[in-house]
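S.K.: Starting from the known structure of chain A, arrange chain B on it as the hints suggest.
Residue numbers (our numbering), protein chains in the order written: chain A, 255 to 594; chain B, 400 to 720.
Note that these hints are calculated values from the structure, not bench results. These numbers come from a predicted model, not from an experiment. We put the CB at the ideal spot given by N, CA and C, even for glycine. Any given hint could turn out to be false.
Restraint-style ranges between C-beta atoms, simulated for each label pair [unchecked claim]:
1) A/Asn-437 <-> B/Arg-655: 46 to 56 Å
2) B/Tyr-523 <-> A/Gly-316: 43 to 53 Å
3) A/Asp-434 <-> B/Val-656: 42 to 52 Å
4) B/Pro-468 <-> A/Lys-331: 26 to 36 Å
5) B/Pro-663 <-> A/Asp-434: 49 to 59 Å
6) B/Ile-478 <-> A/Lys-300: 22 to 32 Å
7) A/Gly-316 <-> B/Leu-550: 12 to 22 Å
8) A/Lys-331 <-> B/Leu-534: 23 to 33 Å
No farther apart than 20 Å at their CA atoms in a straight line, the calculated lysine to aspartate or glutamate pairs in the DMTMM-like style are these [said to hold, decoys possible]:
9) B/Lys-517 <-> B/Glu-660
10) A/Lys-300 <-> B/Asp-560
11) B/Lys-675 <-> B/Glu-660
12) A/Lys-415 <-> B/Asp-436
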Amino acid sequence: MRKFKIPMLFLFMVLVITTNAHASTKQQNSQPIWLSGTPPTMETMKKLRRSHGGYVLQDKEGLYSKILWLRQGDALKKSDYISNAEGTFFLIDKQSNLQQPLINKSNDDTVSIQFKMPDEGYYNAYYMQSHVDEGVQYVNIAKAEVLKHSCRLGHDFDITKMQPQQNSQIPLDILRLRFDDENYHTRFSSGKNVLFKVLFSGKPLAGAEVTITTEEGWVRHSQSDADGIASFNVIQDRFKDDEHKKEKEENSRHPRRRSEQFLVTVQYKQAVAGNYKGQAYTSTVYTSTFPGVFTTPQSIYKSSAYALMIGSAGFLVLGVGTYMYRRRRIKPFKEVDLDE
Amino acid sequence: MNKVKSWVNNVDLRRFRFWFQLGSFILLVYGGRLAIDLGSNLPTFSCGYNRDNGGVCYLLPLQHQLAQPWSRLFSGMGIAVLTGLGTFVLWFIVINKAWCGYVCPLGTIQDWITALRKKMGIRYSTYSDDQFQKLKVIKYILLLLLIFIPLGIGGQFLSHDMGTPFCKICPGRMIVPMFNGDFSQWVIDFASTEKMILTALGMFITGLFLIGSFIKKRFFCFFCPMSALHYIFAKLSPLKLIKDGDKCTRCGDCYRVCDMEIRPIADDVVSIDILKDDCIMCLKCVAACPEDGCLKVNVFGKTVFEATESGFKKRMTPPAE
Numbered sequence: 255m256r257k258f259k260i261p262m263l264f265l266f267m268v269l270v271i272t273t274n275a276h277a278s279t280k281q282q283n284s285q286p287i288w289l290s291g292t293p294p295t296m297e298t299m300k301k302l303r304r305s306h307g308g309y310v311l312q313d314k315e316g317l318y319s320k321i322l323w324l325r326q327g328d329a330l331k332k333s334d335y336i337s338n339a340e341g342t343f344f345l346i347d348k349q350s351n352l353q354q355p356l357i358n359k360s361n362d363d364t365v366s367i368q369f370k371m372p373d374e375g376y377y378n379a380y381y382m383q384s385h386v387d388e389g390v391q392y393v394n395i396a397k398a399e400v401l402k403h404s405c406r407l408g409h410d411f412d413i414t415k416m417q418p419q420q421n422s423q424i425p426l427d428i429l430r431l432r433f434d435d436e437n438y439h440t441r442f443s444s445g446k447n448v449l450f451k452v453l454f455s456g457k458p459l460a461g462a463e464v465t466i467t468t469e470e471g472w473v474r475h476s477q478s479d480a481d482g483i484a485s486f487n488v489i490q491d492r493f494k495d496d497e498h499k500k501e502k503e504e505n506s507r508h509p510r511r512r513s514e515q516f517l518v519t520v521q522y523k524q525a526v527a528g529n530y531k532g533q534a535y536t537s538t539v540y541t542s543t544f545p546g547v548f549t550t551p552q553s554i555y556k557s558s559a560y561a562l563m564i565g566s567a568g569f570l571v572l573g574v575g576t577y578m579y580r581r582r583r584i585k586p587f588k589e590v591d592l593d594e
Numbered sequence: 400m401n402k403v404k405s406w407v408n409n410v411d412l413r414r415f416r417f418w419f420q421l422g423s424f425i426l427l428v429y430g431g432r433l434a435i436d437l438g439s440n441l442p443t444f445s446c447g448y449n450r451d452n453g454g455v456c457y458l459l460p461l462q463h464q465l466a467q468p469w470s471r472l473f474s475g476m477g478i479a480v481l482t483g484l485g486t487f488v489l490w491f492i493v494i495n496k497a498w499c500g501y502v503c504p505l506g507t508i509q510d511w512i513t514a515l516r517k518k519m520g521i522r523y524s525t526y527s528d529d530q531f532q533k534l535k536v537i538k539y540i541l542l543l544l545l546i547f548i549p550l551g552i553g554g555q556f557l558s559h560d561m562g563t564p565f566c567k568i569c570p571g572r573m574i575v576p577m578f579n580g581d582f583s584q585w586v587i588d589f590a591s592t593e594k595m596i597l598t599a600l601g602m603f604i605t606g607l608f609l610i611g612s613f614i615k616k617r618f619f620c621f622f623c624p625m626s627a628l629h630y631i632f633a634k635l636s637p638l639k640l641i642k643d644g645d646k647c648t649r650c651g652d653c654y655r656v657c658d659m660e661i662r663p664i665a666d667d668v669v670s671i672d673i674l675k676d677d678c679i680m681c682l683k684c685v686a687a688c689p690e691d692g693c694l695k696v697n698v699f700g701k702t703v704f705e706a707t708e709s710g711f712k713k714r715m716t717p718p719a720e
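Just chain B, with the same shape it has in the complex:
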């Protein structure tokens, strides 16, 4: 048992994550070709506009459902909305925010772009603490908009052409189908003013996404409303990121490897459940921590992966030439 534990704790997380992400990417982007359908309530950006998807991102049906006329939404249809939300939560709690760090196709694409930048020897950018605090609010604003705009459509205050507003501006709609050779979403829709504005915004954000994720690790994840929605239910998950503040020396290794620049992972020595709203649960912090048992991943209170000195040394030692 101890051997297995030691093997897990000494794992080459970078390699494990690369293969896991690749497998998830194939499953969600090409799964349809293999007759795989994981439903339409997935807590990750498995884009519904991608014709060969292996399942659909929950934000698409959520926006569709909320745009129903109020008379229907607040009667029988409401049960369908709650059922969808329930399915989403059930999927989500299985691996908590690791959906972002290990499964999300858009997140994986950003990691690949980062790998390309690294290969080219170009340095990455970071935000100042002040910028970070301001930017992290955007995802909550987007979450509120993607709920209230469809509700406004259902209440007949807004045009139907504003339907699925977040999908229209999400770069995933343009980027993910591209991997199946489908560029049909790379268009500005002039059918109405609302569609024109939203699709133009979507294309502009796609341009920002491509260059942004080249110079900033996980550029889009700071603004992702799915991440905000995840955080609402994060406490329900049995999978937890735990910190033992007594063992922390505040060396800052965990902060330096964090793609999302989450400062409290190093600074906070009080909280036990250290999962923050921006966290993508990539577990790079656990792998980079040199203190035995300081950072760990628990499932139903049982530790499945933890920081160890030996694991740290193994991972940080450059491969022999």
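Looking at chain A on its own, in the form it has when it is part of the complex:
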């Protein structure tokens, strides 16, 4: 009886491990991969400086370099930094040239890419990874659109430099369409309607399910229209009271004005059979991600009414003060009669 029990236990353990591994692979397939500009450690953050396009590394000549880390998971703040990147990174520069960015594998088990940004405008970085599982090919594409702008270089805001770049080499691509009168200082804030265009092999993809997830966990789904455009009206999901609590927790200096990350994900399934690295598949699931940042709307922390009140106070103080002073000066002489 005892002899029989041991192989049974072994078989059970193998079964559990296999099931877990299978579940883990499934989970891996469902968790989006994305490129993040947030450094994994405070030590790394201290080496960077803030710019209009997020954190950058600045060399002695003042040239900006961007570092992007590969992360996985849609809980944006808690997403893991990936330590093992099997796919390929590439960069589309300002002249629409495909480039290979520098890949860093650091001691803190993270993979990041680094690229220089000599010209003003938007740079597009991509990470693409494929694998086949149970006859389905999974293609994960992580994209980051990075802005380079320095106020020192002026503000001609050339509209042609600001347009999103389209590249047909990306199987499933997401473009953020620009707001009317957008410039490099424009902040995307909650309450605004933001449009994303989904392209499949360079052509607009209609009917694709596009999802936006915010750092606080707000999720919204939308379907792309005939032009491949999906629109979202992003809510405000951080409030004053929460911010005060967070301020104490994080020792933040900006209780009323904060930026929050969002992630746009689009998935598209194509029933075309093929072969990838010797593994046959019957269909392909493409998942593409596009991270970004939105802020608290200015109307929450800026007040014109108070401004007018204080401006009027200044106006009245000096106006009435001068009037009274002049009145006193022109008061006719009055003789004082003393009662002796």
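M.R.: Then chain B, alone, in the frame of chain A:
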């Protein structure tokens, strides 16, 4: 040649200045709409917050640059700061402090408000000599603050929310964009205590500016740190305001027309280069002087405009009805 000289010396300076100021105002406030960009080191209040500006006031990039971390500021970045300062000085020396009297949009707005007061028949105010001496120090204090506060930010002693401190309190930030229909700067920013205090101070000063320039000619120019910065480099300019003390009768006409109430223009008969720190080089003193060659404007030692008796008479004679 003498004809040209006489024509210049007899010029109706008030009219010339009005059109020059209007042209400069259009260039700096609306220049962006005409694709004009004179850079970001202009020695005048061409406000960077005005989206259609034709160039940007140097104080904005200066404060930005000085707020860089010290490690960067005192290495490669320092060259950028010096380059900016050099460009500012090159712009400045072209017309010296006439940037204030002829180009500054905020100065022009004050002159227009003064013209409105005159039309309404309301008398203007003046400072006593004692008040004048005390008030003129404020611009140097503001200049020091706009240099040391950004340096404190770069050294991590002060919050980044105190960045560009002078711009936050400058009425130009509220007033100049207004001419492009932009009132977005008319707000109190409650994002942090520092921003709230600075923007509230800015709005209060804007209120003071509007009424102050109505009752006092060039009210804000007494406190302007740009004027203080100008004076540091004024000696480098080839354009000079010259006085020949031997010809001065101390009639006081020059002092009476001076918007800035600069007393030495009448009292000082010793100095040759008579440009003072508060001077806006409007040249009203030269136009109001009745003594031939007593006050003059020289460029590289050559006189381009001078006081003449005939010019004085022409300007002071009321137009025939």
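S.K.: All hints are to be evaluated individually against the structure, with a verdict given for each.
M.R.: Evaluated hints:
A hinted range of 46 to 56 Å holds for the C-beta pair A/Asn-437 and B/Arg-655, which are about 49 Å apart. Against the hinted window of 43 to 53 Å, the Cβ-Cβ separation of B/Tyr-523 and A/Gly-316 comes to about 49 Å, which satisfies the hint. Our hint of 42 to 52 Å for A/Asp-434 and B/Val-656 holds, since their Cβ atoms are close to 50 Å apart. In this structure, B/Pro-468 and A/Lys-331 meet the distance hint of 26 to 36 Å, their C-beta atoms being roughly 27 Å apart.
Distance hint for B/Pro-663 and A/Asp-434: a CB-CB separation of about 55 Å, consistent with the stated range 49 to 59 Å. Checked against the given bound of 22 to 32 Å, the beta carbons of B/Ile-478 and A/Lys-300, roughly 24 Å apart, stay inside it. The hinted range of 12 to 22 Å is satisfied by A/Gly-316 and B/Leu-550, whose Cβ atoms lie roughly 19 Å apart. Between A/Lys-331 and B/Leu-534 the CB atoms are about 53 Å apart, so this pair departs from the stated range of 23 to 33 Å.
Between B/Lys-517 and B/Glu-660 the CA atoms are separated by roughly 18 Å; this keeps the pair inside 20 Å, and the hint holds. Restraint check for A/Lys-300 and B/Asp-560: the C-alpha separation of about 19 Å stays at or below 20 Å, so the hint holds. Straight-line distance between C-alpha atoms of B/Lys-675 and B/Glu-660 comes to about 11 Å, which keeps the hinted pair within the 20 Å bound. Our distance criterion of 20 Å between C-alpha atoms is met by A/Lys-415 and B/Asp-436, whose separation comes to about 18 Å.
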